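Participant: With the sequences and hints as input, model every part of the structure.
Listed below, chain by chain, are the residues.
2 protein chains.
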Amino acid sequence: MTSSKLIVPRKLSGFMELPPYKQIVLDDMVNKIRSAYQSLGFMPLDTPVLELSEILLAKSGGSIDKEVYNFKKGDTDICMRYDLTVPLARYVAMNSEQISFPFKRYQIGKVYRGERAQKGRFREFIQCDADIVGLDPLSLVADAECLFLVDKVFSNLNLQIINHISNRNILFGICEGLGYKENTENILIILDKLLKIGQDNAKQELIALGVSEENALKLIELTQTSGSFDEIIKKIENLSDNEVFKKGISELKEISSYLKSFNLNTDRYILDIGIIRGQNYYTGTVFEAVIPSHPEFGTVCGGGRYDNLAGYYTDKKLPGVGLSIGLTRLFDLLDQSNMLPEFKLTNLTLQIIPLGETMEECLKLLSYFQNDITCEVNYDNRSFKSKMKEANKKQIPFVLIVGEDEVKSKTYSLKNMTTGEQFKLSKEDCLEKIKEDLK
Amino acid sequence: MTSSKLIVPRKLSGFMELPPYKQIVLDDMVNKIRSAYQSLGFMPLDTPVLELSEILLAKSGGSIDKEVYNFKKGDTDICMRYDLTVPLARYVAMNSEQISFPFKRYQIGKVYRGERAQKGRFREFIQCDADIVGLDPLSLVADAECLFLVDKVFSNLNLQIINHISNRNILFGICEGLGYKENTENILIILDKLLKIGQDNAKQELIALGVSEENALKLIELTQTSGSFDEIIKKIENLSDNEVFKKGISELKEISSYLKSFNLNTDRYILDIGIIRGQNYYTGTVFEAVIPSHPEFGTVCGGGRYDNLAGYYTDKKLPGVGLSIGLTRLFDLLDQSNMLPEFKLTNLTLQIIPLGETMEECLKLLSYFQNDITCEVNYDNRSFKSKMKEANKKQIPFVLIVGEDEVKSKTYSLKNMTTGEQFKLSKEDCLEKIKEDLK
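Residue numbers (this note's numbering), protein chains in the order written: chain A, 1032 to 1470; chain B, 1032 to 1470.
Keep in mind that the hints are not guaranteed to be accurate.
What the hints assert, rightly or not - So these bits of chain B aren't anywhere near chain A, every CB distance computed over 12 Å:
id, residue
1, E1082
2, G1208
3, N1246
4, E1262
5, E1285
6, S1324
Unchecked claim - Below, a list of computed lysine-lysine pairs in the BS3-like style, where the Cα atoms sit at most 25 Å apart:
id, chain 1, residue 1, chain 2, residue 2
7, A, K1036, B, K1348
8, A, K1053, B, K1063
9, B, K1104, A, K1042
10, A, K1418, B, K1347
11, B, K1063, A, K1424
12, B, K1348, A, K1042
In case anyone wonders, no lab produced these hints; they're calculated from the structure.
None of the values given here were measured: they were computed from a predicted structure.
We treat Cβ as the ideally placed atom computed from N, Cα and C, and that holds for glycine.
Facilitator: Here it is as structure tokens:
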């Protein structure tokens, strides 16, 4: 092949691809999230990346969002999944006879959205979801369990969060009570962008919808209400006699008492009536966790309660509550802000370096050590000196030098690359020493 | 929504989707494979599932194999990856300045082949690859390290394998030595299907290619030669004076001595000249591992040495050696043959069951136990009796019953569901007892 035929190697834009030393950190975050999910009895599910278009697009009545990767293979119309919730709904509807409810499942997998590529937006990203799907009615303890889980996940990740919690029935009920039931959805769209557009614009937009100025101000004030559960509930509970509103208050009280039982640190969650979660399917509890030291990260975990998960696929009413973490974006933000744990350039504990014709002895030693510690033999054809330099650069903690004398004496030169100390020891003592130094 | 609008929930055929209790076992296999890869210093890489078509189809000169999922998004021609080797080549070529060679990476991820769906064939399947990519020349120790790794992976999986090893230079050299150099590829295609078509047909096909009957028989006999390295090398080493053949013999001798240094169990690998590995890019060492108790499984792990990984994308000559496990197929075969470890219906250790109005106490207890063991509260609205029945059916090892008396006395009824024993203990003693019983 001549170089004129070479194809320039490049990857698709908007797709994250980490060097291995960063991938180790991402994998470690996945393990910590998985371990939190498992610790509360959530079970793994792994649905295919591809789904039939008629399944994935049921929500939009079959019309294809620009974002969705869609194609035909033979006669089959296929989509790449854009979230893990629709596949969960499909799975639960297909297998509802075998499933024992409440069904607690987690799924950590890649989803695809062909959005316009921009900084911090990825077309392929890892979502880490945990959901509890029950038969109607599903206890509000499930909502509290999800909120507890959010807290546990971020403790595992060593990230300080505040979880902003609300209940959609509060704003639903207020709108209904004020006589705007028909307009609730449009009102919520405006209130949801309050921070972005500012109070004055929000007020004008609400008035344009037919809301009186007085009520517009009331709604805006309520949307900006946040603080401890006890304080905020006390402040707002008599705002309306509407039944939906009262249901919202009662649910918030119940959840608040569960969170106290869980002994959840009150520094890490607040009641925030401004949490709306866009136009999605949530019907009760909603929440968005943020990292208060970095408000510019936005929501790092969100979720809530939905009345009916799989209504497009089954007559069974299956309520649920769940949470989702967009891990690829979170990792990227933490990386940009130097908030990731220190990178390790290698996962090796020991590298064995031959000096002279000692390769076979080195392999024997590798065979011995690899049962207990991660290790390798350096079979590169560079000089001994450059091998030592490389081991140092790679931050390998220990190096074992195996020269021809060492083979005869069966004692080897173990170097602790952090302290610079060097010892001549039998292989058994080398292993002891390494284990000791690692402590 | 009326039921006339319901969409029948189904998934694409040829895509594996496991119930969670089986997914746990598959995830466990992934962890064991990953842990073997990591133990020898292989680092993780996670390339995107989607690649530019010009990259993925470089090998076939841009023509699209029927098997490949290919589509356009806007102006971009995209393919889903069909293996993990081409993405590795692309990655290495793109990042060769940053990579320190030899580059030892593993990747465990899904690949896509739109083959005709049939039993045991999957259109989405997990590949578990480990490769060592070096700068030329890459030591044969790397080949031996891969063979050692194959052994370690299957030990971790508790599966007895025999790894059939050969070197392509043996048959390359023999063909060249007999004067069939131009025809080598066609001859190897016939020899590769020897078992399937039988000796007589193979002989006829070779003769039709222009091979003399005597040489055809020689080639067939050689292809059927297998046994211990020492025995087979002794038997065949004087078959030809061809330089390529002699290189093959010398490489096999060197690898054999490394495998002895590794102290690899000689029951678990043989030299088998019949290992050809189809028409792929291997240029030296080749191997295929089988499970001797289940020959019908075919190859469960294969791999080999290639001279030039990334020749389509860079002028740098990058030789490598690697192995690949098709995990989805292996899992399916083991499942069909009842060779998987026993399924656990839950990953819970403890379920806390309220009896009466004790939910808040239960949540306090959950908050206490979840630091040490996996547990949950049962907040289902069924009767106490049916909850106990369910816990039994789910094989949850321990149940904690929290009635109103228990809340007052701060001692709870712990039931070991395996032995049926029941104890009344403080929460601290419950935890002690559980940990003890688990041992």
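Participant: With reference to the structure, classify each hint as holding or not holding.
Facilitator: A quick look at each hint next to the structure:
no. : hint               : in the structure
1   : E1082              : 7 Å, violated
2   : G1208              : 27 Å, holds
3   : N1246              : 32 Å, holds
4   : E1262              : 21 Å, holds
5   : E1285              : 10 Å, violated
6   : S1324              : 26 Å, holds
7   : A:K1036 to B:K1348 : 15 Å, holds
8   : A:K1053 to B:K1063 : 21 Å, holds
9   : B:K1104 to A:K1042 : 15 Å, holds
10  : A:K1418 to B:K1347 : 22 Å, holds
11  : B:K1063 to A:K1424 : 29 Å, violated
12  : B:K1348 to A:K1042 : 21 Å, holds
When held up to the earlier numbered hints, the structure conflicts with 1, 5, 11 and fits the remainder.
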